[in-house]
Amino acid sequence: MSHFINDLRRVRQIIFLFFLLLIFLSVHGSNSLAVPPQGVDPTTCAAYFFNATKMSPAKEYEKLFQLGVKSADRARASLDSEVVTRRIGDASDIMMELIERDFRRFNEIEELYGSLCSRLMLSEEPTK
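Per this note's numbering, the very first residue in the sequence shown carries number 1; after that it's consecutive.
It should be emphasised that the hints constitute simulated quantities derived from the structure, not laboratory data.
Some hints could be false.
Distance ranges between label pairs, derived from CB positions [what the hints assert, rightly or not]:
#1 His3 to Glu100: 42 to 52 Å
#2 Ser81 to Pro57: 29 to 39 Å
#3 Ser118 to Thr85: 53 to 63 Å
#4 Leu8 to Ile94: 40 to 50 Å
#5 Arg10 to Gly114: 47 to 57 Å
#6 Ile15 to Gly114: 39 to 49 Å
#7 Glu82 to Lys59: 31 to 41 Å
#8 Val69 to Glu97: 21 to 31 Å
#9 Glu62 to Val83: 19 to 29 Å
All residues carry an ideal CB built from backbone N, CA and C; glycine is no exception.
Work the whole structure out from these sequences, hints included.
Right, here's the structure in full:
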């Protein structure tokens, strides 16, 4: 009987640890919504720049807005306009989920997307 009780305790401990692992993965796995570090596409960058306008000082607003427009236009060069609009919305939703719709945490989005999107959109600027 004592072996049975010890085995039951071990099973409970294993189950408890398993649930703790699941909780840990579900909390920390939420960053899996983020764009892979190897790159982003123009629709994701459009969502990033348009969202960034909501947190930008007035002097940066126009630049960020224009980068958002440019990103969307670049996407429309190869995709249907409805697809571009949907993808921008989906990317924006993912970004908002990452910060739990709390714009005070926008720096987290900026860290994930800022330099990638800036490089993508500014890399093809015409040289004068």
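Hints, verified against the model:
no., hint, result
1, His3 to Glu100: 42 to 52 Å, "47 Å, holds"
2, Ser81 to Pro57: 29 to 39 Å, "31 Å, holds"
3, Ser118 to Thr85: 53 to 63 Å, "23 Å, violated"
4, Leu8 to Ile94: 40 to 50 Å, "43 Å, holds"
5, Arg10 to Gly114: 47 to 57 Å, "48 Å, holds"
6, Ile15 to Gly114: 39 to 49 Å, "42 Å, holds"
7, Glu82 to Lys59: 31 to 41 Å, "34 Å, holds"
8, Val69 to Glu97: 21 to 31 Å, "24 Å, holds"
9, Glu62 to Val83: 19 to 29 Å, "27 Å, holds"
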